[in-house]
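Modelling step: build the complete structure from the supplied sequences, incorporating the hints.
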Amino acid sequence: MEYSNLQRQAASLKKSLFDQGYLDEQFCQIEYLQDEASPNFTEEVVSLFFENSTRLMTNIEQAMEKNPRDFSRWDVNMQQLKGSCSSIGASRMKNECTSFRNICGDENAEGCMRSFQNLKREHGVLRQKLESYFQVLRQAGPAVTAARPRGM
Amino acid sequence: MASRKGLGDEGSAPVPHVLAVDDSPVDRAVIAGILRSSRFRVTAVESGKRALELLGTEPNVSMIITDYWMPEMTGYELLKKVKESSRLKEIPVVIMSSENVPTRINRCLEEGAEDFLLKPVRPADVSRLCSRVLR
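The listed protein sequences derive, respectively, from chains A and B.
Anchor point for the first sequence: position 33 equals 33 in the numbering used here, and the numbering is continuous, going up by one each time.
Numbering-wise, the numbering used here comes out as the position in the second sequence, counting from 1, plus 1000.
Think of the hints as simulated: they come from the structure by calculation, not from any bench.
Computed from a predicted model, the values in this text were never measured in an experiment.
Where is the CB? At the ideal position from N, CA and C, for every residue including glycine.
Some clues are possibly wrong.
As the list claims (entries may be wrong) - To give an idea of the chain A side of the interface with chain B (calculated C-beta under 8 Å), a few residues: (1) Y22; (2) Q29; (3) D35; (4) P39; (5) N40; (6) E43; (7) M57.
To be verified - A few chain A positions that, by computed beta-carbon distances, are all more than 10 Å from chain B: (8) L6; (9) L13; (10) G21; (11) E51; (12) Q62; (13) F71; (14) S72; (15) N108; (16) K129; (17) V136.
Spelled out as structure tokens, the structure:
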């Protein structure tokens, strides 16, 4: 089967997202749901994720500013974000959420601040990488199948 | 609220209508997508309160699949209200949660939940569940 350069590029971008741990198998599960009736399902769900995660992270940041050492509140908010990350396969973000929650459990405010900064970085990087991926996918057109990259 | 009609063949049995309840818009989209891919009619709402409102007006809900942790009304509380209602108690209710807490799972099953799914929910999980519950 011949693949256009764009399709190869899309596949390569996706593989690197998996290789570098940004995404896990759950992302493939989302892609498998894409069909003729919902040709942009994956991108729609990812877009929802970033809209939702941005809001949740703003809530967490405000909670950390306005409710210092209210670890219970911070944890509840972070649990929500972790759930979203898990649902789309945002693996590195999910792991950072777990790390934050563990540090919260230790009631280490400074540690939480550092972890949250890491999380913000991961969020930004993932958004950028997925935007690039979907941009190439759109240019490549249909026929790029939803599958876990070879070798994974 | 998101609703998708099932794609049953003409003349065949009505397509099952599943009510999905989750305060997370991401999870609502994912579970609705999974159910749609299995050719179910789906209505997705964001709270137990909205779910009960819909159940009051929609006569033919075949199954409810609900997140456990939601603000104001948990999935467990929604389950209890459904099972306490003479009109609704026969509707199978499935609970989803990202946390594997045995006491929570047992409590839901004892209250009459059909099953308990761990998140992230996968198409295969839902497909197996729906095959058992709805067909």
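Tested hints:
no. : hint : in the structure
1   : Y22  : violated (16 Å)
2   : Q29  : holds (5 Å)
3   : D35  : holds (7 Å)
4   : P39  : violated (12 Å)
5   : N40  : violated (12 Å)
6   : E43  : violated (11 Å)
7   : M57  : violated (14 Å)
8   : L6   : holds (25 Å)
9   : L13  : holds (22 Å)
10  : G21  : holds (17 Å)
11  : E51  : violated (8 Å)
12  : Q62  : holds (17 Å)
13  : F71  : holds (18 Å)
14  : S72  : holds (14 Å)
15  : N108 : holds (22 Å)
16  : K129 : holds (18 Å)
17  : V136 : holds (23 Å)
In summary, the numbered hints that this structure violates are 1, 4, 5, 6, 7, 11.
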